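As you go down the protein sequences, you meet chains R, L and W in turn. According to UniProt numbering, the first sequence is numbered sequentially starting from 1. According to UniProt numbering, the second sequence is numbered sequentially starting from 1. According to UniProt numbering, the third sequence is numbered sequentially starting from 1.
What the hints contain is simulated information worked out from the structure, not anything from laboratory work. Because the structure is a prediction, the values reported are computed rather than measured. Just so it is clear, CB atoms sit at the ideal spot from N, CA and C, and this is done for glycine as well. One or more hints might be untrue.
Below, in silico cross-link-like pairs of lysine-lysine (DSS-like), each with a Cα-Cα straight-line distance of 27 Å or less [what the hints assert, rightly or not]:
(1) Lys85/W to Lys228/W
(2) Lys36/R to Lys150/W
(3) Lys62/L to Lys113/L
(4) Lys36/R to Lys49/R
(5) Lys302/W to Lys3/R
(6) Lys297/W to Lys228/W
(7) Lys267/R to Lys168/L
(8) Lys62/L to Lys182/L
(9) Lys269/W to Lys233/R
(10) Lys233/R to Lys44/R
(11) Lys168/L to Lys120/L
(12) Lys125/R to Lys302/W
(13) Lys63/W to Lys269/W
(14) Lys95/R to Lys228/W
(15) Lys49/R to Lys297/W
(16) Lys85/W to Lys44/R
(17) Lys114/W to Lys269/W
(18) Lys182/L to Lys168/L
(19) Lys182/L to Lys120/L
(20) Lys63/W to Lys125/R
(21) Lys168/L to Lys130/L
(22) Lys269/W to Lys297/W
(23) Lys302/W to Lys233/R
(24) Lys120/L to Lys108/L
(25) Lys125/R to Lys297/W
(26) Lys36/R to Lys233/R
(27) Lys120/L to Lys130/L
(28) Lys130/L to Lys113/L
(29) Lys114/W to Lys267/R
(30) Lys300/W to Lys95/R
(31) Lys228/W to Lys63/W
(32) Lys95/R to Lys269/W
(33) Lys300/W to Lys228/W
(34) Lys182/L to Lys276/L
(35) Lys95/R to Lys302/W
Facing chain R, from chain W, some residues (calculated, C-beta under 7 Å) [as the list claims (entries may be wrong)]:
(36) Asp3
(37) Leu5
(38) Ile16
(39) Val25
(40) Leu27
Listed below are the residues making up each chain.
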Amino acid sequence: MHKLRLNLLHLYMGLFLVYMLAPLVVMSGAAFNDSKLPSIVPWKGWTGKWFSEMIADERMMLAFANTLWVAVAVAGIAVLIGTAAAILINSVSGKVRTALYGMMISTILIPGVVIGISTMILWTKMGNALGTEFFLFNPGLHLSVLGQVSYIAAMVMLLVLARLQSFDAGLEEAALDLGASHGQVMRRILLPHLYPAIGAGAAVAFFQSIENFNVTQFTRGGADTLTVYVFSKVRSGITPTINALAFLLIIVTLVLAVAYELNRRRKAHEEAAREAEARRAEALEEAL
Amino acid sequence: MSAGIDLEGVCCDFGSFRAVDNANVSIRPGEFFSFLGPSGCGKTTILRMISGFIDPTQGAIKIGGKDMKGQRPNQRPTALIFQNLALFPLMPIWENISFGLEVRGVDKATRRKKAEDLLKLVDLPGAADKMVSQLSGGQKQRVAIARALAVEPAVMLLDEPLSALDLKLRQHMRAELRAIQKRTGVTFIYITHDQGEALAMSDRVGVMSQGRIQQVADPRDIYNNPVNGFVASFVGENNIFEGTAGAASEGLARFDTAHGAFRARLAPDAAGKPVKLYVRPEHTVLTATAASENSVPVTVSEVSFEGAFISVHSVSDHGQTITAEIRNDGSATVPQVGSKLHASFEAARAALLPDANVRG
Amino acid sequence: MQDLLRRYGPGLTGLICLLVAFWLVMLVIVPNVTLFEQSFRPYLPVVDIGGPKDTYSFRNYLKVLDGATETSLFGIAFSVPVHVKTFFQTIWYSMVVTVVCFALAYPLAYYMAKVVRPRTVPTLLLLLFVPLWVSEVLRAFAWWIILAFKGPLNVLLQGLGLIEDPIRWTNMGYTGVMVGLVYTYVLFMIFPIYNAVSSLDTNQIEAADDLGASWWRIHWRIVLPHAKPGIASGAVMVFMLSAGSLLVPSILGSTTSQWFTQTIDQWFKDALDWNTASAYAFLLLLLCTVFVSVAMKVFKVKLSDIAK
Ligand SMILES: Nc1ncnc2c1ncn2[C@@H]1O[C@H](COP(=O)(O)OP(=O)(O)O)[C@@H](O)[C@H]1O
Ligand SMILES: [Mg+2]
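Bound-form chain R, shown alone:
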């Protein structure tokens, strides 16, 4: 490739990374600026007080707790449904497969506003029709969970399905042949193969849930999640406590990402060592 074009591409990549990361730096920086308005200019000196104010903000802490349980619930249910859906899709073919798969995928493309309103209407109308006050039929974060699951399950499904494609169904037959029951086949053979995808699916589901606004906004009733809380703060006068929170979230994300990457490298390394050993054994056999 032409030298100039190559250097331009390098430069572009660099600038793009700055573009992606600078807003996060600005946002984090504002968490330490001793100024009532969240900004890095003008710089009024370092302070840690926004972190202590954040801890003292009970509404935010409650929103934080809500976010966590919603995310855990969504991840749990979406993993169950998404994995089941992937296994089902993987074992049907033809028109049925096309129809089911199309319907599952389309949930990702439905606007969150639509999901939020439709979930809210369905469950509250159902409650009215049944004439019950049972909590399930009232607005609240449990409806947010259901609404979020409706499209996040499809994301998990895609991840698990991709992993299923590299699964050798012969392994299941081998296990059956050795006398395993269907449950044992699932637990000992299929699920262990799927765990990496299920783990990734759970992580994706968890973060998607934390970040969800649209569905939550329409279904939450009076309860807050972090996203909704931050949103209302931005509109109604904000203090840098939000920046303190953002800074912590970014740090946690970075740590998790780096840990994930290191783990991935370690695994790749181990696998390479094993394959080298297999090649050595192969060479010994040649000499037999």
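Mind docking chains L and W with the ligands on chain R? Use the hints.
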């Protein structure tokens, strides 16, 4: 413990396609039995019916005299060694081997002990804690065998287990498999498309073509007395002549061809059917003068040196290629290309055989 | 199905089917059918629901035609209903966001797939992923800080001497919304294109180069056609997310920028008229369906390609 297997009129249809057609064979307890046939002839299908992954469309499969109908794979006393081995990649070797015991609820110490014993049996001690990806092809092979033996099956089913190995290792493993079978006394049903493998290892061989079992016999019989042209061709080389057979007397019949009249063996049940004459190259001789019968004048067209023997290809006046093999005992005289000779064979060494037994 | 039974037995098969049925029926089909049904009913006090006034009509949908506003396109002035204008502005600006994202993402995706050393790619992906994991509301908030009247962007530009006086970024029509949407969703364009370009055999590029093709022709004839499914996937994702976004327009919008989702939100939260909100939501859904279908036709790809 080992058991015999009876296939009684077994058929298997995939939609309108009949993959296995009326298979009847009785395999004895402790026997090493091979199904031999070209790719796609239905061998794997037979094995999968015996192990219970496919139900026969018709007929019965009996193991140890007991009808297996309705018995699922995990209830049958069989262990299958898959074409691709199907070792569990996420379990260490010893867990792979003892998986069959694990699902039967055997405790861990016993399982570990059993796995180590079996690893010794298959000559792979010390591999218990390795992962599958650390093993070579031959070692994986042994682990697969150990895993199947762990459940103490009455019958072992092996689907082309050596096909992934290279030639030298394959020959080594042949002997090893045979030894393991003798040591354990388990009935082995072995599938292969390699006639050398089947003939070398088996007590008896069933040759298959297009879903039908053509012949069941011991390896020498298969080679020396094939029942039809397919079997003759599949297990070795032949010179083939077309023509029409006359009446037989004392097992020998007259056979009229473009090269004149020959005489050859005619099987009793082949009478009246269209037949061809098959004679092996090693039973074909080249001489300077014509023999008293079954003799064809030929011109040598190519000589190829194969090591233990020498292949001489020649062409008759009618354009038919005839091959003769001369054993290379060091003093054999090799004909020159272009020399005019006579090819001949003994009547008792030539067979008049019908074509393969195929569905009409 | 037969396959499933054979592999996992009746118990597990039943469980699997039950889970999938719950998802598709209770969380997808029935809610959307209810939304559709409710969108044709009038908004009534609880006592009147199911009463004589509760009849089906198109009245909710016709509300988009209420209230006209003066507007001009290509210099021609005319008046259109407010909500219709909002609807088309949402479509138009979402398309602009999509195109801008593509222009930003394509060179980058190509760079990561074919130029940079493969060992560097995981690190780059990791860095790019960080903003994606940080939630959408915080990304919008970050730009709210940056674009503020006395914020860092104005200070920077003034420092460089590029502008005299600070600019009111968030009061310039859709500018703030555009900036926020591009930043928030550009990653959804990069990853599918990156995946598509990665799967292109580098030999093809080299062969074209060897045959004397210019760099832009290599892209036009070899790389772009190969990346088509990825581009379609990215374009659909970015468009849908933009058109469906409520956060970014609410945080970064100006007094003159209205997004269709905001209109729906107002019907739902402010007017408490869920039925009209349903009708509008259904219009949004319809728009999205039409867009995806057209995109699939234009790019000649299937839904399964988009989902990759
Ligand atoms: N599940 C199946 N559905 C349809 N046809 C099949 C199936 N399994 C095998 N066949 C067909 O049956 C024939 C025999 O297959 P197989 O038993 O695998 O042959 P072999 O093991 O001898 O190579 C082949 O023509 C194959 O295409
Ligand atoms: Mg086979």
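Evaluated hints:
no.: 1; hint: Lys85/W to Lys228/W; in the structure: violated, 32 Å
no.: 2; hint: Lys36/R to Lys150/W; in the structure: holds, 13 Å
no.: 3; hint: Lys62/L to Lys113/L; in the structure: violated, 33 Å
no.: 4; hint: Lys36/R to Lys49/R; in the structure: holds, 11 Å
no.: 5; hint: Lys302/W to Lys3/R; in the structure: violated, 39 Å
no.: 6; hint: Lys297/W to Lys228/W; in the structure: holds, 12 Å
no.: 7; hint: Lys267/R to Lys168/L; in the structure: violated, 34 Å
no.: 8; hint: Lys62/L to Lys182/L; in the structure: holds, 23 Å
no.: 9; hint: Lys269/W to Lys233/R; in the structure: holds, 17 Å
no.: 10; hint: Lys233/R to Lys44/R; in the structure: holds, 22 Å
no.: 11; hint: Lys168/L to Lys120/L; in the structure: holds, 22 Å
no.: 12; hint: Lys125/R to Lys302/W; in the structure: violated, 36 Å
no.: 13; hint: Lys63/W to Lys269/W; in the structure: holds, 17 Å
no.: 14; hint: Lys95/R to Lys228/W; in the structure: holds, 25 Å
no.: 15; hint: Lys49/R to Lys297/W; in the structure: violated, 56 Å
no.: 16; hint: Lys85/W to Lys44/R; in the structure: violated, 45 Å
no.: 17; hint: Lys114/W to Lys269/W; in the structure: violated, 49 Å
no.: 18; hint: Lys182/L to Lys168/L; in the structure: holds, 22 Å
no.: 19; hint: Lys182/L to Lys120/L; in the structure: holds, 16 Å
no.: 20; hint: Lys63/W to Lys125/R; in the structure: holds, 23 Å
no.: 21; hint: Lys168/L to Lys130/L; in the structure: holds, 25 Å
no.: 22; hint: Lys269/W to Lys297/W; in the structure: violated, 37 Å
no.: 23; hint: Lys302/W to Lys233/R; in the structure: violated, 42 Å
no.: 24; hint: Lys120/L to Lys108/L; in the structure: holds, 19 Å
no.: 25; hint: Lys125/R to Lys297/W; in the structure: violated, 38 Å
no.: 26; hint: Lys36/R to Lys233/R; in the structure: holds, 14 Å
no.: 27; hint: Lys120/L to Lys130/L; in the structure: holds, 15 Å
no.: 28; hint: Lys130/L to Lys113/L; in the structure: holds, 16 Å
no.: 29; hint: Lys114/W to Lys267/R; in the structure: holds, 25 Å
no.: 30; hint: Lys300/W to Lys95/R; in the structure: holds, 20 Å
no.: 31; hint: Lys228/W to Lys63/W; in the structure: violated, 39 Å
no.: 32; hint: Lys95/R to Lys269/W; in the structure: violated, 41 Å
no.: 33; hint: Lys300/W to Lys228/W; in the structure: holds, 9 Å
no.: 34; hint: Lys182/L to Lys276/L; in the structure: violated, 40 Å
no.: 35; hint: Lys95/R to Lys302/W; in the structure: holds, 14 Å
no.: 36; hint: Asp3; in the structure: holds, 4 Å
no.: 37; hint: Leu5; in the structure: violated, 9 Å
no.: 38; hint: Ile16; in the structure: holds, 4 Å
no.: 39; hint: Val25; in the structure: violated, 10 Å
no.: 40; hint: Leu27; in the structure: holds, 4 Å
When held up to the earlier numbered hints, the structure conflicts with 1, 3, 5, 7, 12, 15, 16, 17, 22, 23, 25, 31, 32, 34, 37 and 39 and fits the remainder.
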